[in-house]
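Q: Each residue of the sequence shown is one higher than the last, beginning at 86 in the working numbering.
Keep in mind that the hints were calculated from the coordinates and are not lab data.
Every value quoted in this text rests on a predicted model; they were computed, and no experiment measured them.
Glycine included, C-beta positions come from ideal geometry on N, C-alpha and C.
Don't take every hint at face value.
[What the hints assert, rightly or not] The calculated label-pair distances, taken between Cβ atoms and stated as ranges, are:
1) A255 to G186: 41 to 49 Å
2) S201 to M88: 31 to 39 Å
3) C91 to L253: 17 to 25 Å
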Amino acid sequence: WDMYLCVWLMDYIVATKLRPLVLGGPVVDPEVMCDASFASMPQKRSVKAHVAMTCPGSGAVYATVGSIKNTITSVWEGELMAASDGSDTQLYLSKVLKELGYSSRKSYKVKSDSQSVLDWIDSDQNNKHSRHVDIRLYGARHRAKDGSVHWEYVSTHENVADLLTKSLGAAQFEYLAGKIMGHDLVAGLDIAGLVDS
Numbered sequence: 086w087d088m089y090l091c092v093w094l095m096d097y098i099v100a101t102k103l104r105p106l107v108l109g110g111p112v113v114d115p116e117v118m119c120d121a122s123f124a125s126m127p128q129k130r131s132v133k134a135h136v137a138m139t140c141p142g143s144g145a146v147y148a149t150v151g152s153i154k155n156t157i158t159s160v161w162e163g164e165l166m167a168a169s170d171g172s173d174t175q176l177y178l179s180k181v182l183k184e185l186g187y188s189s190r191k192s193y194k195v196k197s198d199s200q201s202v203l204d205w206i207d208s209d210q211n212n213k214h215s216r217h218v219d220i221r222l223y224g225a226r227h228r229a230k231d232g233s234v235h236w237e238y239v240s241t242h243e244n245v246a247d248l249l250t251k252s253l254g255a256a257q258f259e260y261l262a263g264k265i266m267g268h269d270l271v272a273g274l275d276i277a278g279l280v281d282s
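The whole structure should be built from the sequences, with the hints applied where relevant.
A: What follows is the structure in structure tokens.
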């Protein structure tokens, strides 16, 4: 399994070796995008991932992908795990920015392409499908209530974390590769290796 993941990572590195990573932007407005796939890997393992950027349009300053070790029975559970991990990263990123002296905001954005996960986070109710949710995942709800994380919906087409969780068609891969590398910030400047998005 670990060798399979290494080969997957190496394929990605080889495919993007001539493409520059562009960081920055006009403002510091960090956002995290999360995604998960359900039983898409060998042995029916599910994958979760999230990507952190310093502002919309910037390249990724942090990205993580990994298999979900415990048994899940729906893509909703995987999406919730990815969102919970993404909110942990966003809180850490906000503390780093505060320590570096950037103006502190009340809340930071975490984006998911699962509207049902966002609805569950915003509600106070549980139902028969969510009673079994691990206690640690309730942290996402608490962060929404105390205002430290602002949850937003992002379409699957625009969710750069989708690139890390499943196989994509060539056009969608190129589009999201340009986004995760931050090429929108320097589009039109005739820089070698940019992905047209």
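Q: Decide, hint by hint, whether the structure agrees.
A: Evaluation of the provided hints:
no., hint, result
1, A255 to G186: 41 to 49 Å, "holds (42 Å)"
2, S201 to M88: 31 to 39 Å, "holds (34 Å)"
3, C91 to L253: 17 to 25 Å, "holds (20 Å)"
When the structure is compared with the earlier hints, no violation turns up for any of them.
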